[in-house]
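**Student:** Each chain, written out:
Protein chains: 2
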Amino acid sequence: MLYLVGLGLSDETDITVRGLEVVKKASRVYLEAYTSILLVDQAVLEAYYGRSIVVADREMVESNSDEILRDAQSEDVAFLVVGDPFGATTHTDLVLRARELSIPIQTVPNASIMSAIGGCGLQLYNFGQTVSMVFFLDNWRPASFYDRIKENRAIGLHTLVLLDIKVKEQSLENMARGRRIYEPPRYMTVGQCAQQMLEVEEDKKEGVYGPDSLAIGAARVGGKTETFVAGTLRQLCDADDLLGPPLHSLVLLGSRAHELERDYAREFAVDKEIWDKMWAEQYGKQ
Amino acid sequence: MLYLVGLGLSDETDITVRGLEVVKKASRVYLEAYTSILLVDQAVLEAYYGRSIVVADREMVESNSDEILRDAQSEDVAFLVVGDPFGATTHTDLVLRARELSIPIQTVPNASIMSAIGGCGLQLYNFGQTVSMVFFLDNWRPASFYDRIKENRAIGLHTLVLLDIKVKEQSLENMARGRRIYEPPRYMTVGQCAQQMLEVEEDKKEGVYGPDSLAIGAARVGGKTETFVAGTLRQLCDADDLLGPPLHSLVLLGSRAHELERDYAREFAVDKEIWDKMWAEQYGKQ
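Line by line, the protein sequences give chains A and B. Letter 133 of the first sequence, counting from 1, is numbered 133 in full-length UniProt numbering, and no numbers are missing. Letter 75 of the second sequence, counting from 1, is numbered 75 in full-length UniProt numbering, and no numbers are missing.
Extracted from the complex, chain A is given alone in its bound form (with noise of 0.2 angstroms):
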């Protein structure tokens, strides 16, 4: 049996009963270890699971994916993903070959980003699609982001964006020498999120948002010190200080915001008289 195992968004206390359960008893533990972290090291997991676990890396999951796989279909293979297994990444991959090689699948769910994002005091029934931020590089500054948002902001929808993370990456130099040297992993802030979505409207000028929208910054989701803070975009650039350590994420706001919602909110803001007025002039109108 492959077993997708959620661990959730925290620590080493966040896994399920039942994700405890198959990891202890499992031939294999494997930890997916790219598309999202936990705030607690390997070493805290190995010891509280009383297991040793593989990193697996994107280079093992897309290309040697028959190795996490071997003699599954008589063995008890646990993959573990942060937060859910369906949470912000699939691996759909992955299951498309055990199906190939009649491995058996179960999923034990956890809290995704998606849901816990909640605790910000925005309704999950108002967001729309979600999207992700990249780090920009002088030649290469994805915006796809921003269409979706328009999307959602046409019809009034708060948009969750995923913040990017690189981990075990090399520098152009040390992949050009084939020397497995890697930089140090780097998470974007919501500061550098909020700067980005701003120069993304500044190129586009199609209005889809603006320095005085609002938008919630979280840190932590989740975890004992989960933070929020809300404010304008141009508020958020300057955030991070008040935010804390990673993982990051944002909020942008929609307009079919719910006064609810504005009061919940309000708790997080970093000068309640201006998320006021904004909100006054650009929300909760439909």
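Hints are computed from structural coordinates only; laboratory data are not their basis. It is possible that part of the hints are untrue.
[To be verified] In silico lysine-lysine, PhoX-like type, Cα no more than 20 angstroms apart, as pairs: (1) Lys224/B - Lys24/A; (2) Lys150/B - Lys205/B; (3) Lys25/A - Lys224/B.
Chain B: place on chain A using the hints.
**Tutor:** For chain B alone, kept in the frame of chain A given last:
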């Protein structure tokens, strides 16, 4: 402290380790049991937790929240919610009241139908806003879901439809006579949902979807007996036997669907030939 603890989607072992610790040490434990249900009885939960649980119905949560929050400034109160505390519904009022009373709040997230539905093979990035379907009555057929689906379909997105449950409902006669006698619980099936959707399309005639539109019925998502059935809305009207017992949900496909989604979900098709034909005609063209 007020703890909002998600229980996950299926049985007593879906609680997280952190959630279980909270339940074991809290002074009082409430279970919100009117927006969703687990697939196991209260007695099973009580035996597993080693605690007695107060079932909180809608009236208690909405009108008597101060009893739930009593002394939570200094004691720990656990408020258990099926799925994720912010999943299908929110308990905004309870949290706002707790804030007024200066009660600290902590959330223990868990799996939600909103991410676990990814098990059907559709990418969560391609979902628009989630809608709800209630049991129609002769003179009450709320169809706001139709406009929401229209918005999602206009931009090619899938729609998750959450289905009504009726727990602790009184008949009109018993209500009029003030008798606290409750009807047996009712859970909407995928067949009933598909039927109501088609009836509303017949009324409105806007061509938002039709009998040949592809959808996926889902049953007991996240549980060990999780089942998906894929087909046209017409086929899903008669697929309840394949799906089995509650809870059910339904996903209507959007045109932005990807080939990987087609291949993954095809496994669940009532009739793979019809699935392929309808897909080729209607989907995956963006």
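**Student:** Is the straight-line distance between the alpha-carbon of lysine 25/A and that of lysine 224/B 20 angstroms or less?
**Tutor:** holds (17 angstroms)
**Student:** Are the Cα positions of lysine 224/B and lysine 24/A separated by 20 angstroms at most?
**Tutor:** Holds, at roughly 18 angstroms.
**Student:** Take the C-alpha atoms of lysine 150/B and lysine 205/B, compute the straight-line distance between them, and say whether it is at most 20 angstroms.
**Tutor:** holds (12 angstroms)
Checked against the numbered hints given earlier, this structure breaks none of them.
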